[in-house]
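Here the protein sequences come in this chain order: G and W. Going by my numbering, the first sequence opens with residue 144, and the numbers climb by one from there. Going by my numbering, the second sequence opens with residue 144, and the numbers climb by one from there.
Treat the hints loosely; a few may be bogus.
As the list claims (entries may be wrong) - Computed cross-link-like contacts, DMTMM-like style, restricted to lysine to aspartate or glutamate with a CA-CA straight-line distance of at most 20 Å:
| # | chain 1 | residue 1 | chain 2 | residue 2 |
| --- | --- | --- | --- | --- |
| 1 | W | K190 | G | E555 |
| 2 | G | K151 | W | E547 |
| 3 | G | K349 | W | D459 |
| 4 | W | K552 | G | E458 |
| 5 | W | K422 | G | D216 |
| 6 | G | K422 | W | D216 |
| 7 | G | K190 | W | D545 |
| 8 | W | K348 | G | E458 |
| 9 | W | K348 | G | D501 |
| 10 | G | K348 | W | D459 |
The set of hints was computed from the structure by calculation and includes no laboratory data.
Okay, here's what each chain looks like letter by letter:
Number of protein chains: 2
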Amino acid sequence: MIRFYNCKILDGNFNIIENNELWVKGNKIEYIGRAKHGVFEREIDCKGNVLMPGFKNAHTHSPMTFLRSCADDLPLDRWLNETVFPMEARLTDDDAYYLSKLAVAEFVSGGITSAFDMYMFPHAIAEAAKSTGFRTAICGSVNNFTSSAPELEENYDKYNNYCDTVSFQLGFHAEYTTDISILRDIADIAGKYKAPVSTHCSETKKEVAECIQRHGKSPVELFNDLGLIDYGGSLFHCVHLSGRDIEILKEKKDITAVTNPASNCKLASGIAPLSRLDKEDIRLAIGTDGPASNNALSMFREMYLATALQKLQTEDASALVPERVIEMACKNGAYAMGTDNDCLAEGKLADIIMIDLDRPNMQPVNNIVKNIVYSGGNENIALTMVNGNILYERGEFFIGEDIEKLYGKCTEITERIKQI
Amino acid sequence: MIRFYNCKILDGNFNIIENNELWVKGNKIEYIGRAKHGVFEREIDCKGNVLMPGFKNAHTHSPMTFLRSCADDLPLDRWLNETVFPMEARLTDDDAYYLSKLAVAEFVSGGITSAFDMYMFPHAIAEAAKSTGFRTAICGSVNNFTSSAPELEENYDKYNNYCDTVSFQLGFHAEYTTDISILRDIADIAGKYKAPVSTHCSETKKEVAECIQRHGKSPVELFNDLGLIDYGGSLFHCVHLSGRDIEILKEKKDITAVTNPASNCKLASGIAPLSRLDKEDIRLAIGTDGPASNNALSMFREMYLATALQKLQTEDASALVPERVIEMACKNGAYAMGTDNDCLAEGKLADIIMIDLDRPNMQPVNNIVKNIVYSGGNENIALTMVNGNILYERGEFFIGEDIEKLYGKCTEITERIKQI
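The shape of chain G in the complex, shown without the other chains (with noise of 0.2 Å):
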């Protein structure tokens, strides 16, 4: 059992709770109240430092690290044809497994607990997280070119009984690289399972309106018809939504819009409505995207980004307040995600982060929550835990890997992969 004393807990509601401490067993919280007797494998002194639930990612493509600074500045389809996808197809299942390592080292050190991660190598993902003993949801990535319905359906039987920290949601690229009869073969294997299904969805201008010139109505619209939402599901990104795409999110309460702001600035997709979707009660979480549109994965940079970007679109200072960011960040990406991870209470999965207010950028301490949004970074995460395990702390990485090695690993299959 590990017992974290001297701490201040950020609980279900994001309030601060003082004088109590926390314990993990296993992979669950343990206890959290007042200090009584207890045996414990270590005691971790928090210095009066904050022990909140981890951010919870809830879109990203975790393997494409090697493409960070390397397919930057250029307008989406060049970006696209010309680097992406040229490099992807160099790519093997080994080089997404360290690719994706590197990325968890990302994450742990920014203080993410679990990612909902989607690309076409899913065994890849699976294995980077079970060695690292990070959480990962999977995401399907079905398109035209790679995966299909049937392949999904195996997938989602496999991933999901594979290690405790791996799950499997069902899943495609997108309405313009899916044709409608794989669309409709995955509606009909969300109604077999009752299950969610996730997709990009009117990311750009160009996805909206292409998808109404072939098929007479909006993505969001498209998917309601399908039956691919009525399980719920997961809508990336949601940039450009019309007042009737925003009535079908309201009507459907399973969704979660996840926008991806970093992303949306970099391709110049535009800002997503976040405040008016707040507003219409549509349950909201945040996610990076993925290294090559970003191209940091970092939550602090996205939470920064939700609230700071509904200031400029609404033209409003009090717009999206962080309260409601945090929330976003940490409880409904969980729900996104279908872990069972949201909040620190008794019972919940140990995914839990430390956040250092002894640095310049925390201090004076007028409000925790407002300080971790608007001026939090990496370097206020001095511990990262997930499913009870420390796998990183004060600098140091604890995910069965030398960093150092991984880094070196993950240079040499970039540099194998530039050369043409």
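Position chain W against the provided structure of chain G, taking the given hints into account.
Same frame as chain G, now just chain W:
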């Protein structure tokens, strides 16, 4: 003499030089070149990391650290009148000294080696810079309520002969807080010393509209007509500029437009047209603004936002590339402050930072400049040297005061000020 070896050096054009070392003697860079014999008090193995010129925070209000997370999510007028002004009224010079030192700690922990700092306690700022060893160009902040043109002239003389890391530039708060008779007096002083004048300019739509109502012209036109910017100066914010404003900035070669993107987001002021200004060859620098309106004091955030918001504004993913942004952050800010620390070269002031590439967010190293701007954060600052002295190294502060005591002192001040 201090020797840095085993480093990558970002040269004056922000290209990487490999296999060179850099020596610092006194407060200057003594040598950059191949290894040769020397006698050193310290030799620093950079372990392959990057040496680059420090970031220049070209606009801030450092003593406002007490307002971090204390005045958030309010429209500008309520923000000023309900929180900022009443709390500022309780500040003493001694308070401002400690609060400014807290900002200095945050600056050096984020690789900032100098700041252009405007606040109503110039003596506190000067003393904070002197006692910590930080480089500060104080900017005059004359307005109808505090200071005056004669006091500005006194300060100009006093703080330009104070200590070797402190300088002073003529400046006033803003058009909307300063009567035209005072502006005329300041223009006279500028003419007498042939000196630049700096001020807040065109931050909000309302400010510009009211200036036009009062004077029949925009702030930039007014300052130009009054001869205030005949010898250059820095215009802070520059969010809402007309075509004629841009022409004036272009004609005045010594003007620097200083952008403060995080502040402009948080207060819902808008996006400054940086791409357009850059295309017109108008010098751009970058600042954090104060902790009340940001809330972090991180140039990584500002650099990222500078490019990210341009991509949104212009709907072009190729807008304002990191290579331009880093020049604004390191070089142009030095010009604005009138300090000879714009790049790493022999004879330049030793204001140097070391970027830690040995973190997941910098891996793989496909492109160092893009890595810094798109992925970098305070976690990547391994060392900050100002004027030949190391003020920060791997989490430790060397600013002449115990950091814990400084946090304690600033907390005490903040608690006192918050009590009504």
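Structure-based check of all given hints:
| no. | hint | result |
| --- | --- | --- |
| 1 | K190(W) - E555(G) | holds, 19 Å |
| 2 | K151(G) - E547(W) | holds, 18 Å |
| 3 | K349(G) - D459(W) | holds, 14 Å |
| 4 | K552(W) - E458(G) | violated, 37 Å |
| 5 | K422(W) - D216(G) | holds, 16 Å |
| 6 | K422(G) - D216(W) | holds, 16 Å |
| 7 | K190(G) - D545(W) | holds, 17 Å |
| 8 | K348(W) - E458(G) | holds, 11 Å |
| 9 | K348(W) - D501(G) | violated, 38 Å |
| 10 | K348(G) - D459(W) | holds, 13 Å |
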